[in-house]
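With the hints as your guide, set chain D onto chain R.
Here the protein sequences line up with chains R and D, keeping their order. First residue of the first sequence? That's 1 in the numbering used here, and the numbers climb one at a time after it. First residue of the second sequence? That's 1 in the numbering used here, and the numbers climb one at a time after it.
Do not take every clue at face value.
Unchecked claim - 27 angstroms max Cα-Cα, derived BS3-like pairs, lysine-lysine: (1) R:Lys156 with D:Lys66; (2) R:Lys49 with R:Lys213; (3) R:Lys213 with R:Lys203; (4) D:Lys34 with D:Lys66; (5) D:Lys66 with R:Lys203; (6) R:Lys49 with D:Lys34; (7) R:Lys49 with R:Lys156; (8) R:Lys93 with R:Lys272; (9) R:Lys203 with D:Lys34; (10) R:Lys203 with R:Lys49; (11) R:Lys93 with R:Lys121; (12) R:Lys121 with R:Lys156; (13) D:Lys34 with R:Lys93; (14) R:Lys232 with R:Lys49; (15) R:Lys232 with R:Lys156.
It is worth saying that the hints were derived from the structure and are not from the lab. Note that this is a predicted model, so its numbers are computed, not measured.
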Amino acid sequence: MALRAARRLASCSRQGRLLLPSQAQAPCNPPAAAAAAFLHSHATSFGYKQVREEEKSRLVGNVFSSVASSYDLMNDLMSVGLHRLWKDRLVSKLNPFPGMKHLDVAGGTGDVAFRVLERIKSVGHRAMQGTLTATEEDTHIYVCDINPNMLNVGKKRAVERGYSEEHCLSWIQGDAEALSFEDGSMDGYTIAFGIRNVTHIEKALSEAYRVLKRGGRFLCLELSHVDVPVFKQIYDVYSFSVVPTMGELVAGDRQSYQYLVESIRRFPNQEKFAQMIQEAGFERVEYENLVGGVVAIHSGLKL
Amino acid sequence: MRRTAALLSSHGGAGGRSIPQALAAVLVCPLSKKPLRYCEASGSLVSDAVGVSFPVVDGIPCLVPKDGRLLDDHQEKSEQDSSTGDSSG
Numbered sequence: 001m002a003l004r005a006a007r008r009l010a011s012c013s014r015q016g017r018l019l020l021p022s023q024a025q026a027p028c029n030p031p032a033a034a035a036a037a038f039l040h041s042h043a044t045s046f047g048y049k050q051v052r053e054e055e056k057s058r059l060v061g062n063v064f065s066s067v068a069s070s071y072d073l074m075n076d077l078m079s080v081g082l083h084r085l086w087k088d089r090l091v092s093k094l095n096p097f098p099g100m101k102h103l104d105v106a107g108g109t110g111d112v113a114f115r116v117l118e119r120i121k122s123v124g125h126r127a128m129q130g131t132l133t134a135t136e137e138d139t140h141i142y143v144c145d146i147n148p149n150m151l152n153v154g155k156k157r158a159v160e161r162g163y164s165e166e167h168c169l170s171w172i173q174g175d176a177e178a179l180s181f182e183d184g185s186m187d188g189y190t191i192a193f194g195i196r197n198v199t200h201i202e203k204a205l206s207e208a209y210r211v212l213k214r215g216g217r218f219l220c221l222e223l224s225h226v227d228v229p230v231f232k233q234i235y236d237v238y239s240f241s242v243v244p245t246m247g248e249l250v251a252g253d254r255q256s257y258q259y260l261v262e263s264i265r266r267f268p269n270q271e272k273f274a275q276m277i278q279e280a281g282f283e284r285v286e287y288e289n290l291v292g293g294v295v296a297i298h299s300g301l302k303l
Numbered sequence: 001m002r003r004t005a006a007l008l009s010s011h012g013g014a015g016g017r018s019i020p021q022a023l024a025a026v027l028v029c030p031l032s033k034k035p036l037r038y039c040e041a042s043g044s045l046v047s048d049a050v051g052v053s054f055p056v057v058d059g060i061p062c063l064v065p066k067d068g069r070l071l072d073d074h075q076e077k078s079e080q081d082s083s084t085g086d087s088s089g
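Just chain D, same shape as in the assembly:
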């Protein structure tokens, strides 16, 4: 649970498009119920557990399972690497 909050808000400070803290603290992937990560490049929420990304439209996270997009493997990998670097630093 903490991990979601940390991952989502680690990108938050600068962007302004980020997910508010209170929301980040409780959001999980609707399919796996595992943490989500905010991907700044695509402005979407990524569930690494199932490799699905969910859009954020007008500040409203869209976490309807059928609206999730399966991630391309390579893209997912590289994003995951860069995000891990970010949040540890």
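This is chain R alone, in the form it adopts within the complex:
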């Protein structure tokens, strides 16, 4: 208990520090400084390979450009359709409300955004008995993805589904580590199967914290770590033998799916990741394991 209190105190002071840089950085940031920031490079992981940092984002980009068209089909096959239920669960935890401003990061194909929208519509209509209210018109969902191919897939699907973009959906190509949204502008932030692919997880978390309003909720759905003995062995065989082969047969791309399964194993486990979320300043951090930890939903509040 005392330990937890101490940790909370520590995370409070971290919060203060985290907020400072963006304010201090303010007035004139010379172009040279911005350019120099890109020149820094350290080693990072790409699956099990060690690569230079800028190389990782390029390689991840290649993976997603390569699989964009068969992305949904592969998700269905690999998760036996379960990814749909996981995303439903994520959105039900978000508890979307009419008038909310929501940011979905790494959600280019619109899977999460459409669910949030549907949910808001059903909530709004139940409350207002079918009449479109002013608050409902204020609803806005921003979909941010670093990969233009994924965004194009999502935009196309939005048209097919009859969502008019002007009203409540916006598509932005952007980097989770350097978001282009105002401080304290969002009620909710979701990232589904995306944070594993960013180069600096802690930067993505602190950006999530920055863009959320006080009271805003952070939710992350990610493939995680299985700790149930026999199930773990089955899952390992499935990931390392079945998934890459499936990728080769369906998407014609074995390597991208080899990367996928390796990157899952490299990702911090549930407890460690929860700690990272806390370190970014979030409070009431908790997680829920689904299917024995194949995926986990982490949640935190900006208070």
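Positioned in the frame of chain R, the structure of chain D alone reads:
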């Protein structure tokens, strides 16, 4: 925050290529977190704070830092002057 919205939408009425209001209201430069300005001539979003311009491709603003282009000083200056005139009028 208001400034971004005003600057982006001031060019909006006529063009049709503009950035929708709801989007303009929350967008900032990914590097400086300062307001962006829509440059009609180049169809891009300009961050005057760091002198970087970001493209808009098929209506999707591309605000990935590494895809930003450093602005030529003279070009930036003149654009900034004309835009200030526009939005005050």
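A quick look at each hint next to the structure:
1. R:Lys156 with D:Lys66: holds (26 angstroms)
2. R:Lys49 with R:Lys213: Violated: R:Lys49 and R:Lys213 sit about 38 angstroms apart, past 27 angstroms.
3. R:Lys213 with R:Lys203: Answer holds: R:Lys213 to R:Lys203 is near 18 angstroms, not above 27 angstroms.
4. D:Lys34 with D:Lys66: It holds: about 17 angstroms lies between the C-alpha atoms, which stays within 27 angstroms.
5. D:Lys66 with R:Lys203: holds (16 angstroms)
6. R:Lys49 with D:Lys34: Not satisfied, since the Cα-Cα distance of roughly 37 angstroms exceeds 27 angstroms.
7. R:Lys49 with R:Lys156: violated (34 angstroms)
8. R:Lys93 with R:Lys272: Cα-Cα ~21 angstroms, so holds.
9. R:Lys203 with D:Lys34: holds (18 angstroms)
10. R:Lys203 with R:Lys49: Holds. R:Lys203 to R:Lys49 sits at ~22 angstroms (cutoff 27 angstroms).
11. R:Lys93 with R:Lys121: It holds: about 16 angstroms lies between the C-alpha atoms, which stays within 27 angstroms.
12. R:Lys121 with R:Lys156: Status holds; Cα separation ~21 angstroms.
13. D:Lys34 with R:Lys93: Violated, because 32 angstroms separates the two Cα atoms, which is more than 27 angstroms.
14. R:Lys232 with R:Lys49: holds (23 angstroms)
15. R:Lys232 with R:Lys156: violated (38 angstroms)
When held up to the earlier numbered hints, the structure conflicts with 2, 6, 7, 13, 15 and fits the remainder.
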